[in-house]
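Residue-level listing of the chains:
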Amino acid sequence: MALTDALKEEFTELASHYPKRQAALIPALHRCQEDLGGWLSPEIIESVAEWFEMEPVEVFSVASFYPMFFLKPVGKHIVSVCRNISCDLRGSEELFERVCQVTGAKAGANSTDGDFYVEQVECQGGCANAPMMVLDGIYHEDLTPDKAEAILGSLKR
Amino acid sequence: MSHETYLFSRMAREDVHTLKGYEAQGGYQAFKKILSEGTSPTDVTGIVKDSGLRGRGGAGFPTGLKWSFMPDPAKDSRTRYMAVNADESEPGTCKDRILMERDPHGLLEGCMIAAWAMGLAGIYIYVRGEYRLSYARLDEAIQEARAAGLIGENIMGSDFSCEVQMHKGAGAYICGEETGLMESLEGKRGHPRPKPPFPAGFGLWGQPTTVNNVESIFNVPFILERGSDWFKTMGTEKSPGNFLCGVSGHVEKPGVYEIALGTPASTILNEYAGGVWRGRELRAWIPGGSSTGFLRPEMIDTPMDHDSVKAVGSMFGTGAMIILDQTASVVHSALVLMNFYEHESCGQCSQCREGTEWLAQVFQRIHDGQGRMEDIDLLTDIANGMAPGKTICALADAAAIPTHSVIRNFRDELVEYVQEGGHAAVSKKRSLPLEVV
Numbered sequence: 001m002a003l004t005d006a007l008k009e010e011f012t013e014l015a016s017h018y019p020k021r022q023a024a025l026i027p028a029l030h031r032c033q034e035d036l037g038g039w040l041s042p043e044i045i046e047s048v049a050e051w052f053e054m055e056p057v058e059v060f061s062v063a064s065f066y067p068m069f070f071l072k073p074v075g076k077h078i079v080s081v082c083r084n085i086s087c088d089l090r091g092s093e094e095l096f097e098r099v100c101q102v103t104g105a106k107a108g109a110n111s112t113d114g115d116f117y118v119e120q121v122e123c124q125g126g127c128a129n130a131p132m133m134v135l136d137g138i139y140h141e142d143l144t145p146d147k148a149e150a151i152l153g154s155l156k157r
Numbered sequence: 158m159s160h161e162t163y164l165f166s167r168m169a170r171e172d173v174h175t176l177k178g179y180e181a182q183g184g185y186q187a188f189k190k191i192l193s194e195g196t197s198p199t200d201v202t203g204i205v206k207d208s209g210l211r212g213r214g215g216a217g218f219p220t221g222l223k224w225s226f227m228p229d230p231a232k233d234s235r236t237r238y239m240a241v242n243a244d245e246s247e248p249g250t251c252k253d254r255i256l257m258e259r260d261p262h263g264l265l266e267g268c269m270i271a272a273w274a275m276g277l278a279g280i281y282i283y284v285r286g287e288y289r290l291s292y293a294r295l296d297e298a299i300q301e302a303r304a305a306g307l308i309g310e311n312i313m314g315s316d317f318s319c320e321v322q323m324h325k326g327a328g329a330y331i332c333g334e335e336t337g338l339m340e341s342l343e344g345k346r347g348h349p350r351p352k353p354p355f356p357a358g359f360g361l362w363g364q365p366t367t368v369n370n371v372e373s374i375f376n377v378p379f380i381l382e383r384g385s386d387w388f389k390t391m392g393t394e395k396s397p398g399n400f401l402c403g404v405s406g407h408v409e410k411p412g413v414y415e416i417a418l419g420t421p422a423s424t425i426l427n428e429y430a431g432g433v434w435r436g437r438e439l440r441a442w443i444p445g446g447s448s449t450g451f452l453r454p455e456m457i458d459t460p461m462d463h464d465s466v467k468a469v470g471s472m473f474g475t476g477a478m479i480i481l482d483q484t485a486s487v488v489h490s491a492l493v494l495m496n497f498y499e500h501e502s503c504g505q506c507s508q509c510r511e512g513t514e515w516l517a518q519v520f521q522r523i524h525d526g527q528g529r530m531e532d533i534d535l536l537t538d539i540a541n542g543m544a545p546g547k548t549i550c551a552l553a554d555a556a557a558i559p560t561h562s563v564i565r566n567f568r569d570e571l572v573e574y575v576q577e578g579g580h581a582a583v584s585k586k587r588s589l590p591l592e593v594v
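So the protein sequences, as listed, match chains E and X. If you're matching positions, the first sequence starts at 1 in my numbering and goes up one per residue. If you're matching positions, the second sequence starts at 158 in my numbering and goes up one per residue.
Okay, chain E solo, but in the shape it has when bound:
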């Protein structure tokens, strides 16, 4: 997918914040993922590389380092359940099981209807309101499996 002119303009603006253009790479990859289908396809990586005057493999090497970037297609809704210690102590395993059940997706995979991608993630900084999940970028804290089911259920067709 090619970069839109609007995105290129945003890249130019982002790059103006730094003495070197490459510093804008990670913010730019975020913007691509948000606007161009939820994941970074090889075509997107190539166009970004071209804009940044880098090799595609260099951009791929950066993108693949960061867990927030998806290098494979993901479902319409992304559910990230924290599995780290504070959430684990307050029932994140049961929470994650229920999330998988309700969405029909397995850990690190999409549901068959393509509606959901679910994953277990490391600490999200919601420790005092554990357990928690992030749904499409929005924090949902102080959860129980039932509360999570209600939240996810409202998204289902």
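FYI, nobody ran anything at the bench for these hints, they're computed from the structure. Treat the hints with caution; some may be incorrect.
Capping the alpha-carbon separation at 30 Å, the derived lysine-lysine pairs in DSBU-like fashion look like this [claimed, not checked]:
#1 X:LYS345 with E:LYS8
#2 E:LYS20 with X:LYS467
#3 E:LYS20 with E:LYS8
#4 E:LYS20 with X:LYS352
#5 E:LYS147 with X:LYS410
#6 X:LYS585 with E:LYS147
#7 E:LYS106 with X:LYS352
#8 X:LYS395 with X:LYS352
#9 X:LYS585 with X:LYS467
#10 E:LYS106 with E:LYS76
#11 E:LYS76 with X:LYS345
#12 E:LYS76 with E:LYS20
On the chain X side, residues computed to face chain E include the following (Cβ under 8 Å) [said to hold, decoys possible]:
#13 LEU342
#14 GLY344
#15 GLY347
#16 TRP362
#17 VAL413
#18 ALA485
Cβ coordinates follow ideal geometry from the N, Cα and C atoms, glycine included.
Please build the complex by placing chain X on the supplied structure of chain E, with the hints as guidance.
Frame of chain E, contents of chain X only:
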């Protein structure tokens, strides 16, 4: 539990995240005073140094001393930067998020005072990618402050200029390490750099750079406004001031509390966090984020300050207390942490890349009931091969320290796991009868 508070003092007001709400409570007065009176940068750094403020990001390094490592502008004309470490991701730690979401101008005022003290041309606030609200609130605050002439060119009509920019990370724990953060900010993989050279001499793009934690910088305007003597009336002699203590895990009232340094952990647990939940006993606790290790219940009266926690063989870290009740398993929680460190190792150093994986594997087999008695010594051997001082950064230490703590403080539980046949058997034995609701 009544003591002087300041970090959370403005938050009762709903609109404190706006410039109007911040200024209505005396906001930007400290910065404006420095600028209008022309207080010398050396004096500003001197006040922060004299206050004894220690970094709140984990290492507890004195903030003013760190600032004084920046080269003298008269002798070194290079452009100088600060990166604010807002990549909060040490498990258990959720304090900077509150400051950024609720009181972003407080952080910005601290940034501008730091800018004056160190002669900075640019400041980057590196916020972890997941913290959307923190990012949005700070971004709005920067725009407001810029429009009011508090950030940017010729601040308040003076010849002092400094830009502040937001920067969004993408979810890697290692980018909270200061040199990993700088690499990431430059648009690369977050691989920590060997030190020396230190950031003050060779930081962002090879220029002099200081990296400070959000809460550290947030303390600065209060110190400038009220004086270093005031600051030293709180906390302990070597760890003055208040800190934000996140309490999580098996407590009645998890939360982030403003506490005077030196307050016993038991007071924080019982008087602030409502005690161990469900009337249960304490089995273990972590004093300052996942990297600081598991401590025994009889250590719970330890004062929460850098020296006191160090004296019981741990670290103050980020001051994030994690509580495990009597039904919990230290081996299980250690396994959760080892999986985390394995996942987050950047892979540069073999001691860490392999070591975190081996620790996770050995804890896994003890957990699953395939452990052998000699595995306990094996864990020690692996951890000794990883740290201290054997790798570029401290992530290997962060995995080794909790490992040593389990062996030192909970050897009995490791033995129990090996003898009883793992987690299923041990947790069955330990589980309580169904609670009466």
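Results for each hint:
1. X:LYS345 with E:LYS8: Holds, because 20 Å separates the two Cα atoms, which is no more than 30 Å.
2. E:LYS20 with X:LYS467: Between LYS20 (chain E) and LYS467 (chain X) the Cα gap is close to 41 Å, so the pair fails against 30 Å, i.e. violated.
3. E:LYS20 with E:LYS8: Holds - the C-alpha atoms of LYS8 (chain E) and LYS20 (chain E) are around 16 Å apart, at most 30 Å.
4. E:LYS20 with X:LYS352: holds (23 Å)
5. E:LYS147 with X:LYS410: holds (19 Å)
6. X:LYS585 with E:LYS147: holds (28 Å)
7. E:LYS106 with X:LYS352: violated (42 Å)
8. X:LYS395 with X:LYS352: With a Cα-Cα distance of about 26 Å, the restraint between LYS395 (chain X) and LYS352 (chain X) holds, given a limit of 30 Å.
9. X:LYS585 with X:LYS467: With Cα atoms ~35 Å apart, LYS585 (chain X) and LYS467 (chain X) exceed 30 Å; violated.
10. E:LYS106 with E:LYS76: holds (15 Å)
11. E:LYS76 with X:LYS345: It holds: about 29 Å lies between the C-alpha atoms, which stays within 30 Å.
12. E:LYS76 with E:LYS20: violated (35 Å)
13. LEU342: holds (6 Å)
14. GLY344: Holds, because the Cβ-Cβ distance from GLY344 (chain X) to chain E comes to roughly 4 Å (cut-off 8 Å).
15. GLY347: holds (6 Å)
16. TRP362: Holds, because the Cβ-Cβ distance from TRP362 (chain X) to chain E comes to roughly 6 Å (cut-off 8 Å).
17. VAL413: holds (6 Å)
18. ALA485: Holds. Min distance 6 Å.
Consistency with the previously given hints fails for numbers 2, 7, 9 and 12, ordered from lowest to highest.
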